[in-house]
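S.K.: Chain by chain, the residues:
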Amino acid sequence: MTDKELQVKQRQEVQQAGESTKPERQYVPPVDIFESKDSVTVMAEMPGVAKGGVRIGLEEGTLTIEGTRGDVAGSAENFLLREFETGHYLRRFTLAETIDQEKIEATMTNGILTVVLPKREQARPRQIEVKAG
Amino acid sequence: MAIIRFDRPLFRGPMSEYDRMRREMTALMRAFGGYEDFPPSTAGGVYPPLNISEDTDHIYVRAEVPGIGAKDLQLSVEGETLVIKGERMTNAADEKLSFHRREIECGSFSRAITLPTRVQADKVQAKSVDGILTITLPKAEEVKPKKITVNVG
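Going line by line, the protein sequences match chains B and W. FYI, the numbering for the first sequence is 1 to 133, going by the numbering used here. FYI, the numbering for the second sequence is 1001 to 1153, going by the numbering used here.
Please note: incorrect hints may appear among the correct ones.
[Claimed, not checked] Below, simulated DSS-like cross-link-like pairs (lysine-lysine); rule was C-alpha separation at most 27 Å, straight line:
hint : chain 1 : residue 1 : chain 2 : residue 2
1    : W       : Lys1127   : B       : Lys4
2    : W       : Lys1139   : W       : Lys1127
3    : B       : Lys119    : W       : Lys1096
4    : W       : Lys1096   : B       : Lys37
5    : W       : Lys1096   : B       : Lys4
6    : W       : Lys1071   : B       : Lys51
[As the list claims (entries may be wrong)] Which residues of chain W face chain B? A few of them, derived with a C-beta cut under 8 Å, are:
hint : residue
7    : Leu1073
8    : Ser1108
9    : Ala1112
[Claimed, not checked] If you only want the chain W side, here are some residues facing chain B, beta carbon under 7 Å, derived:
hint : residue
10   : Asn1051
11   : Ile1052
12   : Ser1053
13   : Arg1102
14   : Glu1103
15   : Gly1107
16   : Ala1126
Simulated from the structure, these hints should not be mistaken for lab results. Every residue, glycine too, gets a C-beta built ideally from N, C-alpha and C.
Required output: the full structure, derived from the provided sequences and hints.
M.R.: Written out as structure tokens, the structure is:
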């Protein structure tokens, strides 16, 4: 049980070099990145994105996470209160070369994307035994 | 034109009054020219941010609650008040991990809102898909619009 109360965070829009041709918004999803002994995990908050709407790309050491969401609100409804904007998600990270690119795995649960990036064998810390001479 | 009647907490931060004015401007602009896209502000708001909409028979309350499963959410309707409570657990805190970034917050939340009309509390449905909670509240029979036929005398 945590006593902390959740706060509303202002969404950040993706700043792009070129202008988008579509009138859609893209937001920067908040992420958690943590590292364990043999992998790096990226968790991204992308509510409204189904499993099929996620695209993860890895090109030249850049990890791209993209989430496309379907339209949630029906068109025949009248808005009474609007506190959050709906849009797509995009975020890029530069990866170290120590990631085993073949073994990247991703799961999507309750709007949170988890990408597990396993480290390459030689990048893992190794205990070196000192032998008695 | 929809009648908006939501209870506001007494003090929501220094920006709340500005937010209220902005919302009213949005409503005004919508009434005049169908200008829909005035950006909302969540500054000083209460978690979770809600989108509320209606059609003739239902009120829809949508909340973005990523990472919170159906079992961690509690909903209740009492009279015209809808209460949403829940908690987001910390992820993988037990292992020996070193964090590079920590932007997803954990904690509990509770929010109560007054609905714009009376609802049939026993027929309220809620579902949580991909981190979006949708609550469908059927309006009470007496507040639904009735068609009145004009008889030829």
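S.K.: For a C-alpha distance cap of 27 Å, please report whether B:Lys119 and W:Lys1096 respect it.
M.R.: holds, 16 Å
S.K.: Have a go at the W:Ile1052 hint: is there a Cβ in chain B nearer than 7 Å to its own Cβ?
M.R.: At 4 Å from the nearest chain B Cβ, W:Ile1052 passes the 7 Å test, so the hint holds.
S.K.: For the restraint on W:Ser1053, tell me whether the closest CB of chain B is nearer than 7 Å.
M.R.: holds, 4 Å
S.K.: Holds or violated: are the alpha carbons of W:Lys1071 and B:Lys51 at most 27 Å from each other?
M.R.: holds, 21 Å
S.K.: For W:Lys1127 and B:Lys4, compute the direct alpha-carbon distance and say whether it is at most 27 Å.
M.R.: The hint holds at about 25 Å.
S.K.: Quick check on the hint: W:Leu1073 CB to chain B CB, less than 8 Å?
M.R.: With Cβ-Cβ at 10 Å, over 8 Å, it is violated.
S.K.: Is the interface hint for W:Ala1126 satisfied, with its Cβ closer than 7 Å to some Cβ of chain B?
M.R.: violated, 14 Å
S.K.: Against the 27 Å threshold, does the CA-CA distance of W:Lys1139 and W:Lys1127 hold or violate the hint?
M.R.: Holds, at about 18 Å.
S.K.: Does W:Ala1112 meet its interface restraint, that is, does its C-beta lie within less than 8 Å of any C-beta in chain B?
M.R.: violated, 14 Å
S.K.: Can the hint on W:Arg1102 be confirmed by a CB-to-CB distance to chain B that is less than 7 Å?
M.R.: holds, 6 Å
S.K.: Would you settle whether the hint for W:Ser1108 is holds or violated, based on the nearest Cβ-Cβ distance to chain B being less than 8 Å?
M.R.: holds, 6 Å
S.K.: How about W:Asn1051: closest beta carbon in chain B under 7 Å, or not?
M.R.: At about 5 Å, which falls below the 7 Å cut-off, the nearest Cβ of chain B leaves the hint on W:Asn1051 intact, so it holds.
Hint violations for this structure: numbers 7, 9, 16, all remaining hints satisfied.
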